[in-house]
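Colleague: These are the residues of each chain, in order.
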Amino acid sequence: MPERTATIASRVGLHARPAAIFVEAAAELPVEVTIAREGEPVEDALDASSILSLMGLGAEHGDVVVLRAEGEGADEALETLVRILETDHDA
Amino acid sequence: MKTFSGVGVTAGRVLGTVRRMPPPIAEPPVGEQLAADLTVEAATGNLKAAAGKVQTELKARAERATGDGKAVLEATALMAADPMLLKSAAKLIRAGASPERAIWEAGDGVASMLLNLGGYMAERSHDVLDVRSRIVAELRGVPAPGIPDAAEPFILVAEDLAPADTATLDPSKVLALVTSGGGPQSHTAIIARAMGLPAVVAAHGVTEVTDGTVLYVDGAAGTITADPDSAQQLAAEAWSAHASELAVFDGDGRLADGTAVPLLANVGGAKDAVAAAAAGAQGVGLLRTEFCFLGRDKEPSLEEQVSAYRGVFDAFPAKKVVVRTLDAGADKPLPFLTDASEPNPALGVRGYRTDFTTPGVLERQLHAIALAAKDSGTLAPADVWVMAPMISTAEEAAQFASLCSAAGLNMPGVMVEVPSAALSSRHLLTEVSFASIGTNDLTQYTMAADRQLGPLAALNDPWQPAVLTLIQATVEGAAQAAAGIGAGQARSVGVCGEAAADPALAVVLVGLGVNSLSMTARALPAVSAVLRSVTMEQAQNLAAAAVAAPSAAQARTSVRSQLPILDELGL
Chain S
334 MPERTATIAS RVGLHARPAA IFVEAAAELP VEVTIAREGE PVEDALDASS
384 ILSLMGLGAE HGDVVVLRAE GEGADEALET LVRILETDHD A
Chain X
4 MKTFSGVGVT AGRVLGTVRR MPPPIAEPPV GEQLAADLTV EAATGNLKAA
54 AGKVQTELKA RAERATGDGK AVLEATALMA ADPMLLKSAA KLIRAGASPE
104 RAIWEAGDGV ASMLLNLGGY MAERSHDVLD VRSRIVAELR GVPAPGIPDA
154 AEPFILVAED LAPADTATLD PSKVLALVTS GGGPQSHTAI IARAMGLPAV
204 VAAHGVTEVT DGTVLYVDGA AGTITADPDS AQQLAAEAWS AHASELAVFD
254 GDGRLADGTA VPLLANVGGA KDAVAAAAAG AQGVGLLRTE FCFLGRDKEP
304 SLEEQVSAYR GVFDAFPAKK VVVRTLDAGA DKPLPFLTDA SEPNPALGVR
354 GYRTDFTTPG VLERQLHAIA LAAKDSGTLA PADVWVMAPM ISTAEEAAQF
404 ASLCSAAGLN MPGVMVEVPS AALSSRHLLT EVSFASIGTN DLTQYTMAAD
454 RQLGPLAALN DPWQPAVLTL IQATVEGAAQ AAAGIGAGQA RSVGVCGEAA
504 ADPALAVVLV GLGVNSLSMT ARALPAVSAV LRSVTMEQAQ NLAAAAVAAP
554 SAAQARTSVR SQLPILDELG L
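As you go down the protein sequences, you meet chains S and X in turn.
Using our numbering, read the first sequence as starting at 334 and increasing by one per residue.
Using our numbering, read the second sequence as starting at 4 and increasing by one per residue.
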């Protein structure tokens, strides 16, 4: 399964506006993407298009997360979301 | 009268009728089963449709909101159709639960997860519960919980407000906010503060009041009174006037009977002038030109002066700007003009008198003022008047008028600061076109009391009946001068001292016949509000009482006691 790691760039972490931007982008993708903290088992990965899941994840600035997706367009989808995570939306 | 106390969040004394938040959506009974005529698929579809509608509505609200409220609503809208929330509800439906019960329990699960995370996430748990209630309301076909809609502004009473509610608070509809729950750092409190909306939170028991009850809310004290008495009614009225009238000046100084009393500003440079124009000043009644000169060891160049004056004129296109020529000496020494070794500088070579010892500086200043007045950039030129400080005699007034005329300035005037000028204003105003009373110096010279000396503060009081009598004499002299010159001639008398900024004294000055008042821009709203509470006849009666009083204290007390608005406004 294709996967990518990303470091949270937003200073407030993956909450509030940065989380909303990420979730809206994830919901528009043709594939389902999961998100988990680096090192956590695949089974515990959460739905990347769920704002509530992301809030439960509680990823802070500088934390590393793993994004996973399967199927056609998975690589492009992951690339899109990694770019969002590695942008500081508070800047 | 029944009183509740809570924690005051935003100051303000408000009277209004109560509208309570609609009752919260009741919890669907535990174990409520899927209706027999509803398939799992149909029930899940209904839930998704309801969630979608709630999301659309919250998004629409977010569009209309601004600032912090907007961000909160955007996030809440995303929660309404959150895949995790809906999946977990769908699972419960498959297990036989009604969609209402399913979303209720799913919401509980998510909210307690967020609560366990603590901090910011715990606060967001309220948003999830709010979204859940809205979805249940949608499924039941009942109105969404939220702020009631009423034609008249009201006091909103609630247990607590969800962020989605606070973000849609319409300050033109909600007079004050009272909650039985919440705390000083709750969403409700934060939003109320941001909106400047009078609010009390954590007022235990307050939700027992019924719709339509008249309530008095004191946001500073944190108290709420049902069926308030007349004292509280007055307090609310006073605050309302205070809040609306003392916040801004509408740029139209008038008495209650419509008599115009232009309210101008005292400024000391272009920056002041821009601020004064923004504060609604109807012009400049005193431009202190010392800003151009002080701290210099030689006279500023013509170009420097022109550009400095133009900065002020440009702030008041087509408005009156009264320029006071250089007022050096005494407390404002200038090395190239004044003699620091004078034994008695207040009675020395100061103000206009520096032209006796150092001729030329005044002529060049008048030339610079005329140039600046002529070419005010692309804006309509200001109506520039020029006056000399420390004029004592009609001869000085005549000399100044001829200097102005030579410079091409056609509105020469004098300041009335020396008692002799007040007493001979008839002759002074035959030579020049207007007078402006500098009450600070006039008081100092009338009472022979140095302005700077603390022990003489009681003497240095513009309410001194002797000072008021001299103001009266100035106005009477001006009328005689105008009559002597011929029909249609007017000789206006303004006041540009601190006396004009005292709202009660301002009434007296207008009653004495002063035509315009100039003050620090901050005083404009208060002075305007008080002037609008009296007619010219009332002002004249108050002025007569003040002049006739045996002491400054009695003049002040007698006038203030007849201006109830002062107490209402807390002035």
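FYI, nobody ran anything at the bench for these hints, they're computed from the structure.
Given the structure is predicted, the values throughout are model-derived calculations rather than measurements.
Possibly wrong hints are sitting among the right ones.
Computed spacing ranges between beta-carbons, pair by pair [as the list claims (entries may be wrong)]:
(1) X/K90 x S/D421: 48 to 58 Å
(2) X/K90 x S/M334: 32 to 42 Å
(3) X/K62 x S/R416: 22 to 32 Å
(4) X/N119 x S/E409: 34 to 44 Å
(5) X/G186 x S/D377: 32 to 42 Å
(6) S/E393 x X/K5: 22 to 32 Å
(7) S/H394 x X/K90: 24 to 34 Å
(8) S/M334 x X/K62: 55 to 65 Å
(9) X/N119 x S/D408: 57 to 67 Å
Reference listing, derived: stretches of chain S covered by chain X, where coverage requires no fewer than 3 residues with Cβ under 8 Å from a Cβ of chain X [said to hold, decoys possible]:
(10) 377 to 390
(11) 409 to 419
Ideal Cβ positions, reconstructed from N, Cα and C, are used throughout, including at glycine.
Colleague: Go ahead and decide if the range 55 to 65 Å is satisfied by the Cβ distance of S/M334 to X/K62.
Modeller: violated (33 Å)
Colleague: Between the beta carbons of X/N119 and S/D408, is the distance compatible with 57 to 67 Å?
Modeller: With a Cβ separation near 36 Å, X/N119 and S/D408 fall outside 57 to 67 Å, so the hint is violated.
Colleague: With respect to the beta-carbon atoms only, verify the hint that S/H394 and X/K90 lie 24 to 34 Å apart.
Modeller: holds (29 Å)
Colleague: I want to verify a distance hint. Is the separation of the beta carbons of X/G186 and S/D377 within 32 to 42 Å?
Modeller: The hinted range 32 to 42 Å holds for X/G186 and S/D377, with Cβ atoms some 35 Å apart.
Colleague: Check the following: the C-beta atoms of X/N119 and S/E409 are separated by a distance inside 34 to 44 Å.
Modeller: Because 36 Å falls inside the window, the suggested range holds.
Colleague: So is the segment 377 to 390 of chain S in contact with chain X by the C-beta rule, three or more residues under 8 Å, or is the coverage claim wrong?
Modeller: holds (count 9)
Colleague: Could you tell me whether the CB distance from X/K90 to S/D421 stays inside 48 to 58 Å?
Modeller: Given about 31 Å between the Cβ atoms, the range is violated.
Colleague: Tell me if the beta carbons of S/E393 and X/K5 are separated by a distance inside 22 to 32 Å.
Modeller: With a Cβ separation near 49 Å, S/E393 and X/K5 fall outside 22 to 32 Å, so the hint is violated.
Colleague: Given the range 22 to 32 Å, decide if the beta-carbon distance of X/K62 to S/R416 lies inside it.
Modeller: Given a distance of about 25 Å, which is inside 22 to 32 Å, the answer is holds.
Colleague: If I claimed the Cβ atoms of X/K90 and S/M334 lie 32 to 42 Å apart, would that claim hold in this structure?
Modeller: violated (21 Å)
Colleague: Has the segment 409 to 419 of chain S got at least three residues whose CB is nearer than 8 Å to a CB belonging to chain X?
Modeller: Three-residue rule not met by the segment 409 to 419 of chain S, so violated; n is 0.
Hint check: violations occur at hints 1, 2, 6, 8, 9, 11; the rest are consistent with the structure.
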